[in-house]
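If you want the building blocks of each chain, they are given just below.
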Amino acid sequence: MEIPYAVHPRPDTGIYNAKVGIWLFLASEVMLFGALFSAYVLIRVGTPPGEWPHGWQNVTLGTLNTLVLAVSAITTLMAWVACKVRQFGKFKFFHACTLLLALAFLCIKGFEYYDHLTHYEIHLTAGSNAGGSIADGHFAGAIYVNPLTKEQVETKSFCGMSFATVAGGVTNNYELASVTIDGRYVNNEQQLIDLRSQKEVQETELKIPRSQIKDMQSYGPWHNDYLALYFTMTALHALHILGGSIVIGYLWGPGRKLWKVDPEHFTNRVEVSGLFWHFVDLVWIFLFPVLYLM
Amino acid sequence: MSELKTAEQHNAPFVGKSDLHEHTVDFNNYLRRCVFVLIAVLCAVSLMLVASYLPSERFDWPAKVAMILAIACTNAFVVAGFLMHLISEKKMIYTLLAFTAFFFVGLIGLTVWAMQDFPAGTVTH
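Chains as they are written, first to last, in our numbering: chain A, 12 to 305; chain B, 6 to 130.
Where hints are given, some of them may not hold.
[As the list claims (entries may be wrong)] The calculated SDA-like cross-link candidates involving lysine to any residue, where the alpha carbons are at most 25 Å apart (straight line), are:
hint, chain 1, residue 1, chain 2, residue 2
1, A, K120, B, L52
2, A, K210, B, F64
3, A, K101, B, I44
4, A, K101, B, C39
5, A, K161, A, K120
6, B, K69, A, A115
7, A, K210, B, D65
8, A, K218, A, A239
9, A, K167, A, Y125
10, A, K161, A, K218
11, B, K96, A, G32
12, B, K95, A, T24
13, A, K120, A, E214
14, A, K210, B, M72
15, A, K101, B, T29
16, B, K95, A, Y16
17, A, K268, A, A29
18, B, K69, A, T74
19, B, K95, A, D23
20, A, K218, A, T191
21, B, K69, A, M305
22, B, K69, A, Q202
23, B, K69, A, L240
[What the hints assert, rightly or not] Calculated Cβ distances over 12 Å to all of chain A for the following chain B residues:
hint, residue
24, R63
25, A125
26, G126
Derived from the structure by calculation, the hints contain no laboratory data. Built from N, CA and C at the ideal position, the CB exists for glycine as well.
Take these sequences, add in the hints, and give me the full structure.
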């Protein structure tokens with residue numbers, strides 16, 4: 012079976028078939044992300060004034076990720092240029108850089124996710140605490156007690172969703188006795204909405220007994236509309252980064268055999284994967300201001 | 006199953022310098038272009054950050070959003086134009102992108118249009 016026009020341009024389109032294919036795919040991707048952006052616009056505009064979160068993201072990390080992706084877009088282009096001028100050593104170097112930068116991006120994104128998932132908003136029972144009705148901060152530890160033996164177990168590890176579930180009941184014969192967070196007390200949720208306007212937030216270690224906890228929830232996608240959009244859009248984008256990395260990793264690794272057989276065909280594959288990578292960078296160019304700055 | 010091979014078998018194998026394709030790509034020229042793009046992206050990101058931290062007393066929220074989105078669009082144009090070679094692409098790609106833009110604008114336009122279409126008695130903010 013022959014693949015037509017994999018190297019030379021097709022006479023009627025003027026470009027090789029894979030390039031038409033990737034542009035058609037990118038067109039469908041525009042509509043995919045476009046649907047999410049339109050959902051963002053709809054929810055953002057429909058939110059009453061003063062109720063949309065500000066300053067919930069780490070702008071420094073977001074900026075760093077923007078720069079990481081910008082540099083990776085350049086290394087991807089240079090990898091293609093290296094193929095064009097038949098310098099395979101440079102191609103390997105630039106594509107290795109792209110892979111490392113992609114890994115850095117995912118690590119930073121993973122850290123941001125972890126930060127959100129270990130951040131808790133704890134609603135306290137009425138009048139139980141003079142500091143405020145809500146405790147907000149990052150999980151530091153929890154103490155569980157066995158009601159029969161009175162044995163206490165302290166955990167410093169983050170338990171994700173199960174932790175929030177445990178806060179309301181019993182698991183493995185142990186009951187939650189207290190939760191410790193590094194945070195602060197506030198009187199209402201409004202004080203947690205616009206963090207950017209608050210110059211300095213004093214955080215201390217707060218130990219909250221189980222009896223004072225009405226309910227608690229981490230800052231996951233279930234927390235509110237903003238975080239639902241944030242996690243959906245950035246996770247989909249991160250999946251694209253992962254997918255692109257796999258393709259680039261394949262071209263850098265086992266796929267490089269094609270270079271010895273048909274370098275122009277290989278160069279075209281590098282170009283096509285590069286176009287996808289630049290598109291992923293383009294999406295981030297809009298995700299960053301929309302989710303971190305606005 | 007038949008063996009997969011490209012239609013342009015005359016192009017293989019590659020040994021040393023290729024004489025089958027003209028290599029008009031200049032490595033150093035591209036490197037300079039990339040430095041230019043990186044500087045442009047750095048400037049755009051800095052401007053976006055500055056715009057987002059402008060005092061709310063002097064710049065209202067819609068103005069800040071417009072500024073940030075305008076800078077993001079410029080940034081995207083630089084990346085798409087120079088890194089994706091959109092400033093010098095074939096007509097076929099432009100046609101394809103024109104269709105994409107049409108449907109994208111339609112998608113966002115319908116969303117904005119739908120926001121004005123409230124059922125009777127809806128409380129709006």
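Cross-check of the supplied hints:
1. Under the criterion of a C-alpha separation no larger than 25 Å, the hint pairing K120/A with L52/B is consistent with the structure, at around 23 Å.
2. Among the hinted pairs, K210/A with F64/B is consistent with the structure: their alpha-carbon atoms are about 19 Å apart, no more than 25 Å.
3. Proposed proximity of K101/A and I44/B is supported: the alpha carbons are some 22 Å apart, at most 25 Å.
4. Between K101/A and C39/B the CA atoms are separated by roughly 15 Å; this keeps the pair inside 25 Å, and the hint holds.
5. Of the pairs offered as hints, the one joining K161/A and K120/A is violated, with about 41 Å between alpha carbons and a cut-off of 25 Å exceeded.
6. Of the pairs offered as hints, the one joining K69/B and A115/A is violated, with about 30 Å between alpha carbons and a cut-off of 25 Å exceeded.
7. Distance restraint check for K210/A and D65/B: the Cα-Cα separation of roughly 20 Å lies within the 25 Å cut-off, and the hinted pair is therefore satisfied.
8. Our distance criterion of 25 Å between C-alpha atoms is broken by K218/A and A239/A, whose separation comes to about 29 Å.
9. Restraint check for K167/A and Y125/A: the C-alpha separation of about 15 Å stays at or below 25 Å, so the hint holds.
10. Proximity of K161/A to K218/A is assessed by CA-CA distance (about 19 Å); at most 25 Å being required, the pair is judged to hold.
11. Restraint check for K96/B and G32/A: satisfied, since their Cα atoms lie roughly 15 Å apart, inside the 25 Å limit.
12. For the given pair, K95/B sits about 8 Å from T24/A by alpha-carbon distance, which is consistent with the 25 Å threshold.
13. About 24 Å separates the Cα atoms of K120/A and E214/A, which keeps this hinted pair within 25 Å; it holds.
14. Proposed proximity of K210/A and M72/B is supported: the alpha carbons are some 24 Å apart, at most 25 Å.
15. Our distance criterion of 25 Å between C-alpha atoms is met by K101/A and T29/B, whose separation comes to about 18 Å.
16. Distance restraint check for K95/B and Y16/A: the Cα-Cα separation of roughly 16 Å lies within the 25 Å cut-off, and the hinted pair is therefore satisfied.
17. With a C-alpha separation of about 19 Å, the suggested pair K268/A and A29/A falls inside the 25 Å cut-off, and the hint holds.
18. Between the alpha carbons of K69/B and T74/A the distance comes to roughly 18 Å, so the proposed pair stays at or under 25 Å and holds.
19. The suggested pairing of K95/B with D23/A holds, with an alpha-carbon distance near 11 Å, which does not exceed 25 Å.
20. Only pairs whose Cα atoms come within 25 Å are accepted, and K218/A paired with T191/A is accepted, the gap being roughly 4 Å.
21. Only pairs whose Cα atoms come within 25 Å are accepted, and K69/B paired with M305/A is accepted, the gap being roughly 8 Å.
22. Between K69/B and Q202/A, the direct Cα distance comes to roughly 23 Å. Compliance with the 25 Å bound is thereby established for this hinted pair.
23. For a cut-off of 25 Å, the pair hint linking K69/B to L240/A stands: about 21 Å separates their Cα positions.
24. Even its closest Cβ contact with chain A, about 15 Å, leaves R63/B beyond 12 Å, as expected for a residue assigned away from the interface.
25. The claim that A125/B lies off the interface holds: its Cβ sits roughly 17 Å from the closest Cβ of chain A, which is beyond the 12 Å cut-off.
26. Remark: the non-interface label on G126/B is consistent with the geometry, its nearest Cβ contact in chain A lying 16 Å away (cut-off 12 Å).
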